[in-house]
Structure formats: structure tokens, C-alpha cells
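So the sequence lines, in the order shown, correspond to chains A and B.
Residue numbering for the first sequence follows the working numbering, starting at 213 and increasing by one per position.
Residue numbering for the second sequence follows the working numbering, starting at 213 and increasing by one per position.
In case anyone wonders, no lab produced these hints; they're calculated from the structure.
Be a bit skeptical, because a hint or two may be false.
No distinction is drawn between identical chains; accordingly, a pair holds when it is met within one copy or between any pair of copies.
Below, a list of computed lysine to aspartate or glutamate pairs in the EDC-like style, where the Cα atoms sit at most 20 Å apart [unchecked claim]:
(1) K296 to D374
(2) K379 to D366
(3) K460 to D528
(4) K460 to D435
2 protein chains.
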Amino acid sequence: MRIQKDDLTHIATGAAFLGTGGGGDPYIGRLLAMNAVEQFGMPSVIDADALPDNAQIFTIAMLGVPTVLGEKAACGDDVDLAVKRLEQRLGRKPDALMGIEIGGINSLLPVMAAARLGLPLVDADGMGRAFPELQMTTFNVGGVSCTPLAMTDDHLTSVVVDAGNAKSAEDLVRLASVHLGCSVVLSSYPMSGRDLKRTAVKGTLTLARDIGQAIARGRQQGDPVQVLVDYLRTTPYYNQCRILFDGKVRDIRREMKLGFSIGHCEMTALDNPGSVMEISFQNEHLIARLDGRVKALVPDLICLVDRETGEPVPVDGLKYGQRLKVLATSAAPIMRTREALAMFGPQAFGLEEPFVPLEDIED
Amino acid sequence: MRIQKDDLTHIATGAAFLGTGGGGDPYIGRLLAMNAVEQFGMPSVIDADALPDNAQIFTIAMLGVPTVLGEKAACGDDVDLAVKRLEQRLGRKPDALMGIEIGGINSLLPVMAAARLGLPLVDADGMGRAFPELQMTTFNVGGVSCTPLAMTDDHLTSVVVDAGNAKSAEDLVRLASVHLGCSVVLSSYPMSGRDLKRTAVKGTLTLARDIGQAIARGRQQGDPVQVLVDYLRTTPYYNQCRILFDGKVRDIRREMKLGFSIGHCEMTALDNPGSVMEISFQNEHLIARLDGRVKALVPDLICLVDRETGEPVPVDGLKYGQRLKVLATSAAPIMRTREALAMFGPQAFGLEEPFVPLEDIED
Chain A
213 MRIQKDDLTH IATGAAFLGT GGGGDPYIGR LLAMNAVEQF GMPSVIDADA
263 LPDNAQIFTI AMLGVPTVLG EKAACGDDVD LAVKRLEQRL GRKPDALMGI
313 EIGGINSLLP VMAAARLGLP LVDADGMGRA FPELQMTTFN VGGVSCTPLA
363 MTDDHLTSVV VDAGNAKSAE DLVRLASVHL GCSVVLSSYP MSGRDLKRTA
413 VKGTLTLARD IGQAIARGRQ QGDPVQVLVD YLRTTPYYNQ CRILFDGKVR
463 DIRREMKLGF SIGHCEMTAL DNPGSVMEIS FQNEHLIARL DGRVKALVPD
513 LICLVDRETG EPVPVDGLKY GQRLKVLATS AAPIMRTREA LAMFGPQAFG
563 LEEPFVPLED IED
Chain B
213 MRIQKDDLTH IATGAAFLGT GGGGDPYIGR LLAMNAVEQF GMPSVIDADA
263 LPDNAQIFTI AMLGVPTVLG EKAACGDDVD LAVKRLEQRL GRKPDALMGI
313 EIGGINSLLP VMAAARLGLP LVDADGMGRA FPELQMTTFN VGGVSCTPLA
363 MTDDHLTSVV VDAGNAKSAE DLVRLASVHL GCSVVLSSYP MSGRDLKRTA
413 VKGTLTLARD IGQAIARGRQ QGDPVQVLVD YLRTTPYYNQ CRILFDGKVR
463 DIRREMKLGF SIGHCEMTAL DNPGSVMEIS FQNEHLIARL DGRVKALVPD
513 LICLVDRETG EPVPVDGLKY GQRLKVLATS AAPIMRTREA LAMFGPQAFG
563 LEEPFVPLED IED
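So that you can see chain A by itself, here it is in the shape it has in the complex:
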């Protein structure tokens, strides 16, 4: 399979949706990917199931505060260096690259990396959405080690970490990322083809593209949000899909804390100003409450889109007065197991509410 240049725009839009508010600005990711593709050519994209068991795959991603990622994006040499340092540590070159998440900038950074390094890109990731922390992957749930990993910055500082577990690696990397300016490139979770096929959320690059295409098609047809919802209901993972709210932003609180963008957004309904939707986030949206009642919970996806254009709005793009629709969809089944919920369910984010699948919550 090959992706086309036009696909990059659709992937960016789809990944902004799947980023559920986080993952960094996909517009930046698209520019990075476009630039690399023009210079180095489009990388080939391969299905996860086509990988030999003994293939070596590295993930590649940016990590940091979303607001900063958009202002201080990867320069290219930092991407090459992260892969090179991990190669050096392992004594083995990767046969392919893969995204760690399919949200925001990290959907397209792997396209940039694969183009630069002449490597194929695997159509899969470790979240099927975006999450704020490094241990929150299906790879980790499946016992794949997060380390060795290599992180780099635009001054070509590099830090190679071996840690006992992914949470410990996350803590170290987060600390270092703040010191390095809240925006770093990370090559982590080196794994075999066998482990990838066992643990990854598959086909998500294609899904991101198709979500972006659905929104574009909807714009031509006049109701992008409805066309998007109709498309999502045909997908393997995001098929439980609801429009939770139609309203405008009346309050938005964000702070950069411990290297994250943490806060919440309040909206009032357009047709009933007394009805209030509150959404809390840590880089990504975690929980949506309508008049105090929980309507959707992480790891299910909570996505804010412009009510007219269907354009996904990231956390750092939220503004007072914006008119948005709040969508929620189911997460991939592999992300709703007990083990997965322990890693990135509501309690992993300090929430008290137990996870209830979207389809089991009263509409």
C-alpha cells in the first residue's frame, strides 16, 4: 500500500479527531511530513500482519506539552538521531517504523521519519488514539518493554534510557523533556514483528485517513459531523458513536503542570443555556459530564469538533465562545480489557468514576 500526498491532509484531520484533544497540532505534523516527502519521497506503508515475526520495529514520536510541540517541532536531524541512538544501543537497525499513537502530530511524524530514513511505515500504533503518558500503550499492556529508548532535542542532545518498567521510563523522560524545553523526539518500544502483531492497534493510519476523508466528504454534502458519525459506525473500533452535546464554550481553564496541559472546558447547550457539559483533560480529554452525569470516559474517545465544519479542535485550540459538537466513540476492544483499563482507564488518570463502555451509558 502507498499513501498519496493528498492523504496526508486527511490523515492530519483524522488524527486530530483521534487525538481527542491532544497529540499536538496535526497541521504541524502535516507540514513536517509534506516537507520530508517532497525531499525524500513517500514511504511505503505496510500492514502489521505482513511483518515477519523476526522483524525489528521502532516507534517514533514527539513527546511534550502540546502547545509547545506546535511551536518547536522536530527539525529532522533530531528524528534521525533518535533512531540512530536506539540502533546503537540495540546493535540492530530497524526494518520498519511505527507511530506510538495515532493522535495529532504523532500520526504524521512517523511519515516524516520513515521518509527521511527510507524505511517502511507500519499501519498500526499502540493506542488507537492519543494518550499523554508513555506507559499508556497496548504494547506495554501486552508486556513489550518500552526501553531501551532514545530521546533527542533540536540541539541534538540525546538521552538513552533503560528502565525497569514503562512508568519509570515515562517519569524519567518527562522530567528530561521539561528540561529540554517540553518538546523532544522519542524512539521507543523496540519490538519484534511477532510482538507488534500481538499487541498493536492495527490499521489506524488508514482509519485516520478515512476519518479525514469522511469529514471532507461531509463538507461537500453539507453536514460533516453527521457524515463523520455515519462513517465511524462502519469502523472496526469506533463504531459505537454518539453526539453528546451541541453547544458553545463558556469557560476554559488550562495550565502547564509537570509537563502536561491540564484543565477543563465548560460548554452550555445552544438550545438550552441551563444545560452544561464539562470536559476534563490531561493533554487528552478524559471525561465528559452533562449536568454532572458522566456521559463518556477514557479510554473511550471524547472529541470536540467545530459544529459547522467538523474540524476537530485540540485542547490548546479551545477558545471562549466557540460553537462545538462533542462526540464520543468506543475505543478498540484491545483497549477495554481489564489489563488495559488498569494502564489507561479512568483510575490511571486519578478519576474516581469506574469505566463504563459508552454503549452501556444511558443516552
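Got chain A; can you put chain B on it based on the hints?
Chain B only, in chain A's frame:
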């Protein structure tokens, strides 16, 4: 040259003196070294000037908060791993090891490391004393890069850093060390024999031993502090030597801040309770003021010793009521150049007072 088992005790005492209050408890260093020497044999010690120009030398040290270093010392595997990770990064094994400083635990940790790894130990270091930060070495003053470096902890976490300069490496390593429990093993400043001969403070392991021997000899002769002072006056670096004060501790304030032990100690004179000596420290003693007048300044050495036994007292061993003598000695000439003072003179520690050599201060 070979050091003997008895020498380890003398080196520990001498290094506690040269540690000027910091560098971690040399008693722990002695136990670590003794243990390794019993198991692996005594390493050979070589003169810096005997090294071939193209030899590869790594430094080895512990880094962290002195109080913690004494409670959570290197386990051995962490030492081996730090050297191994640096080897891997460079693609070259070291021909010899060297201490980064000759203060406290870091005088004898290299003996442990050299014994374990079957490598010779160079009779030299990068400070001729102890300093709290990684960039504060004569290696760095001489343009030797601090990185690549490898740090490890007792859980065998490893972090390999390449940074643009030693201060940036220090900041990263310090952050990570706090996360890893304020006690890590560090192999850094990989350098050639040529660079070592050009930049190191030479002969300091032997000097530490001889200082320890002088104190021991003084105890037999009845006046260890005087015998120590007499010996120091014969050394190449520490020959300007004064007893600044003879008193007892009346106040001691210490806090752990940013991974350092920071504070000050006040003493009153035994023969004149109105006369007050105040010493400020950041792991190591930085400045000694007698009734408000500066009597000695970093990088010259300020050392507190028991007034009866001559035993050096580290910062974390200071207690109310202790009767101590305060000694000051000159630092090695290589440490008093303008470039060196910029790196570890008073201003590098936030002090306002300009450096004045001990011998130029009114007695």
C-alpha cells in the same frame, strides 16, 4: 605503583579532608573498595604521565546528595553497567579509570570500579578536591567534553546522555539523579591520555593517602592537626595552609534542595565566645567568614576537622556542640586560573565576593 590495603584507610581519611565537607562519606567508599579488593584483588595505580597519548580513560563516580550516598551506596553491578553503557556508546573499552574528584566516597569508588573491572587506576582527578557539580572540573576548563556519559542506579536503570556542554549535562543528570533516588553511579568525561595529561590534577590519590597518613602519624605524636598542617605545607598544591579557627558548633542549618545539601554552620571560638566563624556550603564548603570578614573562598579548600583527633568532619556529620578546627589550604594552581575560576570560583556558586587566594588574605 601499587596501593596496599592499609592505604585505603588513609586515602579515606585524606579524601574526607580534601572533600571539604562533601563528596559523600569516605567510610562508605572504604568499605566498597575493601570489599571489591578482597574479591577481585587490588588494582594497579598508574601515574598520569605514564599514559600513552591515545589511551582511552573514563572517569567513574557517584553523584547525588551526600546524606543519601552514604545510605544507598553503589551495589557493584551499577558500577559495571555505567562503564559498559559508556563503552557501548563509544564503541571502545577504557584502558584505565580515574576519579572525577578526590573528595569523600569518590576517592575510593574508582578503586572499587578498577578492581571489579580489572583496569588500572590513574593517580589523578579533575578537581584536586570535591565540587558539587559535574561541569566543575579541570577537564571541562581544558575543553574535554563531559559527554557521552552513562548513569545507572541500583535497579540497573541506565541513562546515556550526549549534551552540548557540561552544564547542560549536569542539569539533566541532576534531575534524573533526584528521580532515581539522589544516588547514582556516573561514568563520564571519556578522554584520551593526551587530554588527561593536559587537564587533570595529578597525583591526588597519592596525596590523599599521604594526608591520611599524616593525620594518623599526628595522632601517635599527640597533635594531629599540627602534623597535618606541617605535612600540607610540603605538598605541591595545598602548601598555603592556615588554621582559621578553633571553636565549637553553635548552629547548623542544612536543607536538601535541587538535589544538593545546602546550608551553613556557625561556630564560636573556644577562647572568645564573641568571635563567630560562619561557613556556607553547597555539598562542599564555599566560604568562611570570621566576624563577617572573608577568610577563605572556593576553590581554595575549607576543611573542618575534629580539634583533638584531626578527623575530617563532612557537612552531613556536623552537629551542635562539636569542637572543631577550621583549616584552609590553597587549591592546585590549575584550579586558580581565570578560566577555572569562571567554572568553580565564588561567582559560580552565586557568591558576590571575588576570589582572593588564601595567601593574599590578611591572616
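Here is how each hint holds up against the structure:
no.	hint	in the structure
1	K296 to D374	both (16 Å within a copy, 13 Å between copies)
2	K379 to D366	between (25 Å within a copy, 17 Å between copies)
3	K460 to D528	within (16 Å within a copy, 59 Å between copies)
4	K460 to D435	within (18 Å within a copy, 83 Å between copies)
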